[in-house]
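Residues per chain, in single letters:
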Amino acid sequence: MTRENTSFRAGFAVAMSAASLLLSFPAYAQGSGPSVPEPALSAGFRFAENSGEELFANICQGCHMSDGKGATGAGTYPSLAGNSNLEAGGYPVSIVVNGQRGMPPFGAMMSDDQVAAVVNYVRTHFGNRYLDAVTSEDVRAVRR
Amino acid sequence: MQTERAMVTRRDLLALIGAVSGSAAMYHAMTSLGFASDSGYKGPIRLEGDPRGASVLILGAGLAGMTAALELRKAGYDVRVLEFNSRAGGRNWTLRGGDSFTELGGFRQTCEFEQGLYINPGPWRIPYHHRALLDYCKRLGVTLEPFIQLNHNAYLHAAGAFAGVPQRIRDIKTDFQGQVSELLAKATQQGRLDEAVSKEDREILMQALRSWGALDGDYAYKANLISGDFRGYARAPGGGLGAEPVPGEPVDLSEILKSRLWRYLQNFALHTFQATMFQPVGGMDMIGKAFAREVGDLIRYGAKVTRIQQDDRGVTVTYTDPDAPATPRQAKADWCVCTIPLSILSQLPIDVGRRMKAAIDAVPYSASVKIGLQFKRRFWEEDEAIYGGISYTDLPVRQIAYPNTGFNGAGKGVLLGAYLFDGPNAYEFTSMSPVERVARAVEFGARIHPQYRTEYDNGIAVAWHRVPFALGCAGRWTDEARAQHYDNLCQIDGRIVLAGEHASYIPAWQEGAILSSLDAITRLHDRVVKQ
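Protein chains in written order, with my numbering: chain A, 1 to 144; chain B, 1001 to 1531.
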């Protein structure tokens, strides 16, 4: 697992250092407070969502939007809808794991299975019809 | 009148110490005299020499861009600035009642805070050692007030510890320190530290542990008036009959360890967060507005840069206006200072060498979410005696920060109800609608302050990946990326130089943006006058 650079001083923030985020969190969902509506949130440094649909809706959607079409401001989040760059499954696998320009790498926060699940979800939704599913072995191969 | 002693300058003194004692001693002396731990700011910049009418186009009117504009105009340059937003400041930004904000994806929020109440979605605090930013605040007339990082009466909270009941910072801090001191004192008495501590130091160490850890005469940390002097009391000393203080029961060390609450104590110990910290009176954007008073006449707003070209004669920047997005316009200059965040710049066609382009492409941008919540009354002060500062929690909201101004006032108040930075929850909150983000911040916060349920009024949420002018919070460098790309990012490439927090070792801090800008224009100016 790629550790966060512990010397990174998050300026706006550092609620806690990246290193301390790696420590196990007591699961807040089991606390004594009132129940929290769905969806559940991840309780540690790794994403808790497992299905491609959940992973997309809770992570990718933040930038690529719920319809997968991305958005444009001073720069653009590319559309994943009907995107021919998704034809070779290894390409989105590599981008999810290692990041791409401003897009953060998710390899340290997702298992091989999770990366494969979300890539397969995107490659079979939003007008994409790529039926050759990627596997967790494909993900392992691109981890640097 | 100066005394003879004061006329020995610090520099002279340092030279003397260096000559006599070597560089380690000199570094130590520098640190204690206050040089080495500052951000490297050397006082107002002096750009000497005649630029002979050279023109500079600055891209971005954030703090880096406006610092460059202010100083380069002063040095005699013909300066223009292109800014995407319809306001100056960039991430130096404050939301107040009546402000509206549309995020990427189209959700539009209007802030409904009472007059005078605000949140700073971006930077919100200034360390005392960020001397460049402090100097510009002084020169531009920005009034500062204290930002309270450590409030001993705020909370530390872990959902899975102490039955979910938040603990006062002073209890955890004092009880942790006291019991660790007691352990060390025991080990010392049993001779277990004999190899590490000289006989002479041992007795002093025992005294120090007793003093620092609030130990009693037997070097024990207990519920008594000694520890009470540090952690407070079950019943505080009062006046008249029945006024005698009653000590509280310390939290057991094992419980503190298992709760992991100790890990938040570093937020009060790190150099970046040490007292004194500051905030501008009235909101962080007072700084951006003060800069804009100086250089606003140079800024063209609503300019979306689409291409950056250069040749040996000059720089040409193509941009569009919001009213005529299909009609590209062009601005030309001899030189360009580009402060566009790398999240955006990496998408633009730009004529720079392979190395700088690789550096521009090498920095991902952090996820961060801030949520401001207005309440009908300042219950944290009225009910819980929390005046300013921050409570930390392992719930997804991570922090609840109390206003550092307007203390003891009647009427409504605004809390920072969530501050997420990287990690899964920051992405998960970014993926929600603003309404859901606020609802969940209220839900989680109510587990620390049950008053949320009855006192909540309204809220606003900013997720930085959805901010149209930034596409992320700040550049997230790794050591590997810095080693490979940082110098290439900062070099002048032909007629283009980059500046901003991303071109600094203080990422995400305003000081990094300003220092980067000062360094960039110093090198640029040097090149211009030597040409």
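Treat the hints loosely; a few may be bogus.
Sample of chain A residues at the chain B side, in silico, Cβ under 10 Å [as the list claims (entries may be wrong)]: (1) Gln-61; (2) Gly-73; (3) Phe-106.
A few chain A positions that, by computed beta-carbon distances, are all more than 12 Å from chain B [what the hints assert, rightly or not]: (4) Ser-51; (5) Ala-81; (6) Gly-99; (7) Met-110; (8) Asn-120; (9) His-125; (10) Asp-132.
What the hints contain is simulated information worked out from the structure, not anything from laboratory work. Where a beta carbon is used, it is the ideal one built from N, C-alpha and C, also for glycine.
Query raised in the report: Which of the numbered hints are not met once you compare them with the structure shown?
Result: 6, 7
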